[in-house]
Every structure is written in C-alpha cells, then in structure tokens.
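Between the sequences and the hints, there should be enough to build the whole structure, so can you do that?
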Amino acid sequence: MDIVGRPSRLTARERASRSARGGGSRSAPAPLLAPALVAVAFLVLPLIALIIRAPWARLGPVLSGSDATQALQLSLLTASAATAISLVIGVPLAWILARGSFPGQRLLRALVTLPLVLPPVVGGVALLLAFGRDGLVGRYLDSWFGLTIPFTPLAVVMAETFVAMPFLIITVEGALRSADQGFEEAAATLGATRMTVFRRVTVPMIAPSLGAGAVLCWARALGEFGATITFAGSFPGRTETMPISVYYALETDPDAAIALSLVLLLVSVVVLVSLRDRWLRGGSVP
Amino acid sequence: MTHEGSDGLFVDAEVRRGTFTLSVAFAAAPGQVVGVLGPNGAGKSTLLSALAGLTPVATGRIVLDGQVIDDAGTGAFVEAARRPVGFVFQNYRLFPHLSVAENVAFSPRARGRGRRAAKSAADRWLDRLGLTGLADRKPGDLSGGQAQRVALARALAGDPALLLLDEPLSALDARTRLDVQIELRRHLSEFTGPCLLVTHDPLEALVLADRVLVLEEGRIVQEGTPAQAARRPATEYVARLVGLNLYAGRADGPAVELSGGGAFVIPDHGQQGEVLVAVRPSAVVVSSQRPQASSARNTWPAQIAGLTLLADRVRLDLEGQPSALVDVTPAAVAELSLSPGSQVWLTVKATDLEVYTRGPGQRG
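Protein sequences, first through last, are from chains A and B.
So the first sequence is numbered by numbering that gives the first Met the number 0: it starts at 0 and just counts up by one.
So the second sequence is numbered by numbering that gives the first Met the number 0: it starts at 0 and just counts up by one.
One should not assume that every hint holds.
Label-pair restraints from in silico Cβ distances [stated by the list, open to error]: (1) E13/B - R108/A: 32 to 40 Å; (2) E318/B - D179/A: 42 to 50 Å; (3) G236/A - H96/B: 56 to 64 Å; (4) Q288/B - G21/A: 31 to 39 Å; (5) Q180/A - D158/B: 22 to 30 Å; (6) Q72/A - S119/B: 18 to 26 Å; (7) R98/A - E235/B: 36 to 44 Å; (8) G103/A - E13/B: 29 to 37 Å; (9) S281/B - P203/A: 50 to 58 Å; (10) S281/B - R98/A: 53 to 61 Å; (11) A173/B - I2/A: 41 to 49 Å; (12) R127/B - D179/A: 52 to 60 Å; (13) R25/A - H96/B: 51 to 59 Å.
Derived coverage of chain A by chain B (criterion: at least 3 residues anywhere in the stretch with Cβ under 8 Å from a Cβ of chain B; other residues may be distant) [what the hints assert, rightly or not]: (14) 182–196; (15) 199–212.
Here chain A is said to cover these stretches of chain B; the calculated rule only asks that three of the stretch's residues, wherever they fall, bring their Cβ under 8 Å from a Cβ of chain A [unchecked claim]: (16) 82–94; (17) 99–110.
None of these hints come from the bench; they were simulated from the model.
Idealized CB from N, CA, C, for every residue including glycine.
Structure (structure tokens):
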C-alpha cells in the first residue's frame, strides 16, 4: 500500500484560489452538493415558470384592465397607510420595549411578536372578534358612532398593520438596543430633554434600521392575504388587494393573474435590493 | 477654599454603582482647574457622572454656585439636561449625523434658543477655537485633535457653569497630544467656572491643573497642588505616578523603622510616629562593594530583580530591605556589570529622603 495518496490534478485556478485563501481544499463534500442543488431548483423553478409563462405581449392591456389597476392602487395605498400607522405607533412601542424596564416586559415582547408566527387567517378571525359588528370593541363603535369596520378599506389597513407592524417593531427594537447610548447621555448633558434626545439623536442614529424596518413592514403589508380576506373580504375596488386579486384571477383570467404576480415579484425584487446591505451581505446581520 | 454658600463647586457625597462606592468631599473654586487622577476603577468617571446628573448621589449633596443640584437628604435633584454643566467625554461622543456646526449649536438649541441665535452662538465658539473652516464637516472626517476641539466647543457653547473633561487627550496620538494640551490649557484658563479634568497621565495633571485630587478605590487619597503631590506622594500609586520610591514607617527620633522592612536614619526631620519617606530613584547610589559607613548616609544591600532601559538611563528594580527603584546610567550598568541576580549596595544621603506625615485631605 502506498504511504502517499495518489495525486489528483489541481487546475491553475484552483491553485491560485487555495494559495490566496489557505487551508487546503474547500470544495463542498459531494453528499451536500446534490441536496443543495435540489433546493436551488425548487426555489428558482417556480420563478422561472412565472417569467416564461407571462403574457409579455398583452402585459399592458391586462394590467390596465380596471380590476387590476384598482387592486394595485388599493394595495399600494393600504400598504403605505399600514406602514405609516406602524411607524407612528410601532416606533414608540419599540422604544419602550428596548429601553423601558417594567414588569411583564418579556410577556409584552412575546405578544407583540406573536403575529410574526401566527397564521394570518387567525389574525383575521381575531380582528373580527374584536372589531366586528358584534366584536368586543366593534359593537360599541357600531352602536355609539355607527362605525362599521369589517369589509371596508379601513379593515384592509388594520389587517395589514396587524400582520406587518411586528416586522418594524423588532427591527427598530434591535437597533435601539444595540445603539450606543453614550450619545444620548451626551445630548442630555447638553441640555436636551428626553423627547429632544429621541427626536434629534436617537431617531437619526437608527435611521438605517428604521428605513429597513419600514420597507420590510410595507412589503409584508403588500403581500398580506389571509387576515385581509378574513377581516375585509374581497370587494373589487374597496377591499380586493393585489394578492386577493391574483387568487381570483387565476380562475377567471390566468394571464391577468400571472401579470399581477409579475408586478408583485418586481416589487419584491426592488425591496430586496433596497435591503441588500442588511440582508444580503452574507454572514451576520448587523 | 470655597464653602457651600459661595460660588464654585461643593461636593460631599457618596455615589454607588453596583457594589462600588465613591465617597468624596471637596470644593473647587471658580476658574480653578482640578485634575482628578487615579487608577482604573478608582471612581473618576463615576464622579463626573454624578456631577453631570447622570448618576444620582446615594448620600450627601452637590452644590454648584450656591444652588443645590443633588441632595440625597431632601431628595432634591436637578436633571442632567437642566444642569449648567459642560461635559467633554472621553471619546468625545460627537453626533455622527450632525455637522460640526450643528454639533456645537446643539446645546444652545436644546436649551431653548432660536435657530438663528443658536447658530450665531455656535459660530462664535467655532471661531474662538479655530474651527470655522471645519463647520460643514461631519465628525467622521475630523482628526483626533480637531474632534477634541469640537467636543470642547460643543460643551462650552451651552454656557456651562461647571466644565467636566473625561480624559480629553487619551484618544490622541502622542504627537498631537502635546499640541492639543497647550491649546487646551489656554482655553481652560479662559473658563470662569470650576473645571474638573479626569486623567491618568500625571504630566497632563501637572501641566493643566491648578490642583490635583487623587482617587483610589472610591476615596480621595491626596489633594493639593501638583507640586505637592509630586514631592510628597501620599500613596504608593501617586508615588509611582510621579516616579518616586515611597516607604511608610514609624519615626522615633532620627530612626525611621519602615513597615515593609528596613530602616533609615534621618537626622532633624522633626516628625514623630507614622510617617512617609519619599526618595527619587536618581538619588540612590549603586555600588558593588560595601561603601564606607557615614552618619549622613543610609546603606543597605539589595539584589537586582530586573533592568529596564528608559531613554537615557536604566531603571533597576531592586529587592532588599527596603526594595527600591533606582536609576543609573547605561555606562554604570556596564562598569558594575549589573544583571538580574547581582548583589549590590545601595546608598542614599539623608538629605535626599523626604519625610512627612499624611497631610489633611490625605486619607487612605
């Protein structure tokens, strides 16, 4: 038996790469390679099918069909409204979760992040039970103010906020936790009240995370389906958002469904690109 | 010295942080620069933090210009944002998202001045500190020395009655440090309120401070002029800072019995009981043979434990009764063929031994 193993052949490129990185061979072990390729195929094939099957020639007319435009408009509008509401009420909550110290804080954090893992349909049912005509709060809104929320554009915004706001909260909370509080101390010694510190120091310094959280929240709101259809229904022009429109169009007008899906895919790509520094850098998330 | 009702800073308080307790009582007059020296963990930063209102005192009180700003007895507490205190932090903590001018205008603006008034106040300080050309830069684009000046301008622009500087030069490299030090001295001399300057560099304290306060383990161990501290260190730490050998002992007439072992004979020192004896490393003579005995000299054997080259001389670490640090020339090292383990004789003239008791304020 040979003491030295039989030589294989190293290409010049492999030689250069190994001498640059050191540490011997880094090629993937064969048993990992095949499953990894299956995973890639599984993730990419559907997207390719979508692009291939898209009615590229009729894309304009299909998308300008009144239902599609309406759905797109409604989706953009409600997702933006949900993001705005999340910023107004979610950022203060993120601050309190990150900086406060009070009994039940951990429980509160768990509750706040629950919608992240909760099936959206359950969220929709819960919203109905709270704000429906017979709901916990809804019955008073109805009898005192004549305000009915379910199956209105407002319900769409509420469903989207319920599902998407946690994305903003956890992103901002993480940023607030890791932010250097020395700057806030410095601001205090310079005479800034706590609100001034928040406005002029804290928020500007976590701006990148705030932006990322808002984009993430908006993207999640845009794609919301389960909670929306449960709590707001699907009235074209009023509560039928893009994802719901895609779902119905698939039965009646597949070309339109594909075209709408393409639009949503495009939006996702844009979101991903805008978040690339945070999510696509590879390795650890900052 | 100031008393509680007059202008200046008056502190008599305990500050707790976890298991650490800082216990201090001192006063600082208007215009006085007090250097706060001490090893890491001595409580220097805790002291500044309490004065700035970032940590409340646990007992006692802090009075600034006759006004109580913190009193654990009555519960009175002025929040950090409402104290007329300027704080220059160790790493400056300049707001990275604001320009130099906006950083300097931050305090006037936060203290309620209008945008234009704040800007003109900032401009004045930028001008005074020679920063006008940098007004539009972001802190990330400044050199260490520039950032230090901006931090000082930002602290002063709030028109403080008390100025606190936490190791203002430690973030600078050795070369810029000297220039900035000279400049800082000029600016500090123009400041009319009391100023506390934390440092662990004794030279910095000597150059910048009118008075020094040495903290060790949360207590003031020495207080006085820098010259006093340099001549008569109260503790081992201060002695090391100023480069002296220090021995605690008991005087009985001319004989001083050292508590760490060994004895000196020092005629006419005029002290009795517990004393400290300080001696310069360069005042001790090293010889390889036992020198002639003399009443004006103290002689004892010692063994070399280590040698360190310091610029133009060699510092010997000697073990004996007592142990000592001694400076000799490199030539002497060669002539006497000194090396670790060598047995030598040490001689010091009685007149080079400074004998004193722990003065007032020199607790420990």
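Going down the list of hints, with the structure as the test:
1. E13/B - R108/A: 32 to 40 Å: About 36 Å separates the Cβ atoms of E13/B and R108/A, which means 32 to 40 Å holds.
2. E318/B - D179/A: 42 to 50 Å: 47 Å, holds
3. G236/A - H96/B: 56 to 64 Å: About 43 Å separates the Cβ atoms of G236/A and H96/B, which means 56 to 64 Å is violated.
4. Q288/B - G21/A: 31 to 39 Å: 60 Å, violated
5. Q180/A - D158/B: 22 to 30 Å: 25 Å, holds
6. Q72/A - S119/B: 18 to 26 Å: 49 Å, violated
7. R98/A - E235/B: 36 to 44 Å: 42 Å, holds
8. G103/A - E13/B: 29 to 37 Å: 33 Å, holds
9. S281/B - P203/A: 50 to 58 Å: 56 Å, holds
10. S281/B - R98/A: 53 to 61 Å: 56 Å, holds
11. A173/B - I2/A: 41 to 49 Å: For I2/A against A173/B, whose Cβ atoms are near 58 Å apart, the range 41 to 49 Å is violated.
12. R127/B - D179/A: 52 to 60 Å: 29 Å, violated
13. R25/A - H96/B: 51 to 59 Å: 41 Å, violated
14. 182–196: holds (count 12)
15. 199–212: holds (count 5)
16. 82–94: Held - the stretch 82–94 of chain B has 8 residues with a Cβ nearer than 8 Å to chain A, which meets the minimum of three.
17. 99–110: Three-residue rule met by the stretch 99–110 of chain B, so holds; n is 4.
Going down the numbered hints, you'll see the structure goes against 3, 4, 6, 11, 12, 13, while the others check out.
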